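S.K.: Spelled out, the chains give:
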Amino acid sequence: MSNPLADMEKPDLIFAIGTNMTECHPVAATRLKRALTSGAKMIVADPRQTRLAKMAHLHLPIRVGSDVALLLAMAHVIQREDLINANFIADRTAGGEEFLEHIKEFTPEWASEICEVPAADIEEAGLLYGRGNPSAIYYTLGITEHICGVDNVQSLCNIALMTGNLGIEGGGINPMRGQNNIQGAGDCGAVPNNFPGFQPCDNPESTEKFSKLYQTEIDGVKGITKVTALDNCGKGIHAMIIDGENTVVTDPDKNHCEHALKSLDHLVVIDIFMTETAQLADVVFPATAWGETDGVQTNTERRVQRLRAAVPPVGEAKPDWWIVSEIAKRMGVPGFEYNSAKDVFNELCELSPIYAGLDWDRIEDSEYQWPVPDKDHPGTPMLHENEFKNGRGKFTVVGYRDPAEVISDDFPLWLTTGRRLEAYHSRTQTGRSAGIEYLLSHESLEVHPDDAERLGLIHGGMAKMASARGEIEIEVKVTDMSPKGTVFTSFSFAEVPVNILTGSGYDPVTQTAELKVCPVKVTAVK
Amino acid sequence: MISDLDSQKTEKALMLTLDGEQVAFEAGETIYEISERHRREVPTLCYDERLEAFGACRLCVVEVEGIRNPVASCTTKASEGMVIKTKTEAIEKHRKTLLELVTSENRNVDVNKLSGYASQELKILVDRYDAGTGRFAGKKSGTSNEKDKNPFILRDYDNCISCYRCVRVCAEREGDYAINVMNRGFNTQIITEFENDLRDSECTFCGQCVQTCPTGALGDKKALRDADTEGEIKKTRTICPYCGVGCSVDMMSKGDKIVGVQPAMDGPANEGALCIKGQFAFDFIQNADRLKKPMIRRDDGELHECEWEEALNFAAAGFAKVRDKFGRHSVYGIASGRAPHEAAYTMQKYIRATYGTNYIDNCSRA
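First to last, the protein sequences are chains A and B. As numbered in this note's numbering, the first sequence has no gaps in its residue numbers, which increase by one up to the final residue, 526. As numbered in this note's numbering, the second sequence has no gaps in its residue numbers, which increase by one up to the final residue, 1366.
In short, the hints are calculated from the structure, not lab data. A quick note: this is a predicted structure, and the numbers were derived from the prediction, not measured.
Straight-line Cα separation of at most 30 Å, DSS-like style, residue types lysine-lysine; simulated pairs: (1) B/Lys1113 - B/Lys1257; (2) B/Lys1234 - A/Lys342; (3) B/Lys1235 - B/Lys1292; (4) B/Lys1321 - A/Lys329; (5) A/Lys54 - B/Lys1149.
Hey, can you work out the whole structure from these sequences and the hints?
M.R.: In structure tokens form, the structure reads like this:
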């Protein structure tokens, strides 16, 4: 997030796009609700009539995967109505002229055809966002899990830049992180393109620095992503170590994924349960769980916080860092002689400019948001306040592209996927917590009443849902939460493995899967 | 801006007299807020600092010179020159009588600490004022709502004192408006729309009503499963393991057993709020399905439990063999977005230091 969570109570205009926040980030959503109570207006762009959408002043139930078109047309309106911040564009951005020329042709009428919402509503969205003072953007995986995920994010940056809604209290561009420490995994360098602290792998200085620190010669180029690695299993990749991820259930194209892991010579899995993925391993290590582990995690607003052990581990479980270090030591790799989580975290701080002002003891009270470049620095609740990291904020000229697969006679409905309030990911945790089942016992497919009638589907009855990759059976729930022509389900239940169907394409830059769009055919099971 | 600051500095500070002491205050502050800052321990049952002041319990009344009747300090804004007494004999007597009336209506004052964060507030005041006298006998208010079989929130309205903190936290903080007040006086009931069970209402089971209840009328059913478990309650401050918001929580344990979770009122990300997962979905940790020993796949093709030494050697040897046969670009590491920094850091270091590659990723692409 460019801005702190506390800022969510301060916008004049909230633009929530591709985020089902009341279910996926419920506590953050309470802040938006309070902003609404004190008079803020809200636009929600989401195909589904979520709880957040019901609270909105303007709900745009756009067709899945049409976000770029909507955002181009909103930019068009903002320019036409002279709601741009010319000073901000001149002083702090680059590429503005070209971008402002580019958007002239993308009218609300043009976007209306693609997004399947009225042009007048798109016009209204542009006016509301352009006039908001400040306007804040919130988004989640509804923006990124598309083949055009990067285009979507850049389109959001464009409208924030043209209106100067960056570096100001109550504004900004705010992606909400879905997992407790996904931000931290990136901070720590568990990515193929960056060393710890976002020091790029293709920068010779960084490579030299880490080669020296880690006493080996590290490739001066980016590694491959997980998606490519899974594609290469058995043909180039022959061993894997996976920590705390149920790849088989949460990644797209389940059959492909299972086949990939089975074709490895050696698979080591560290987890707290015997997951579907662990069942394929050659070695399974029991890790300590939440409440048994001392450590650190970073939240969505870059706040670095301490986790503390409350009870001893179950059985012989050990912390992940200890397990990995013991494997490294047995392979004769130097530098893994840690005695505690504190040792590991302090090493990370020493190597990462954004953590340079932190150490284990300083984060005791959760008061720092990175970057914290030195010990006298108070932390950085808001990014881009006076300048952008790379000098100027760059406009990007983007165009609309169709999703990887579009609906056809064979697969005439759009399937989109997401989460539910009561379940988390593949339910290895919430599925084992007493009482959750009382509220959410099984998965269902949300179908609009008109579609249900047309397809002969009955509320509570079973349906067969097929995509180009496979088919599953699922219970039908008839509801107008889904718009006509679009169905929804979550990916949480192994009994309804929706990722057999998804996996039509990947963003060419980030290789994030297009989990939000998948053309399907739904038929009643007699 | 500078001139504004200067004028603020030169402006005379607002002053009042609190129990004979001259104290400064800011415009808009209530008498209660000022008294709290000066540790006057003014009692209250309907106050939660996160909520709009309500003035229902009348325990926080104080004497203000020039005003005939005592005023509720939580709803009365301070003004320049006020002379306030927070603890006169008459006020203390009034407070004791009020508490005696409250306890006379309740079936039970002594509730288990596991009920909720604020559950001891009534008990503490009754003890402080020695108000459990049974001086007033008679009608009891409220009725226990035992038909609501939800597994999370106990609704024992025999212990309700109509402070409406639950109704207010649901509306003001959560924005859910799932519960409301029906009837008046002895017939007051806290209900959902159409008197449905919570499951069939707008309730999201965030547990905020439970945590603000000062009497245990609303209780944390999951934590209360361990009411009879031996041992003192230990609270450990940590961060919720679910989404990326990073809510601060206090994990409650008795001995080696995790018994519940309470929100941390001073958590910077959540300021006391939680959702159903953070509040109630903690018991996966000590679930019987947890992996307890390392396992390796033996010649029969099955995974078998073994000792750490064997498993670690087996894992290391397997990687060395693949590296030697296929080269250093044949091994890949996937770190977790769920585990702490130390897990992700050592995993990337293991890959980079062992193989000299950047063949490392995490689960953020899924």
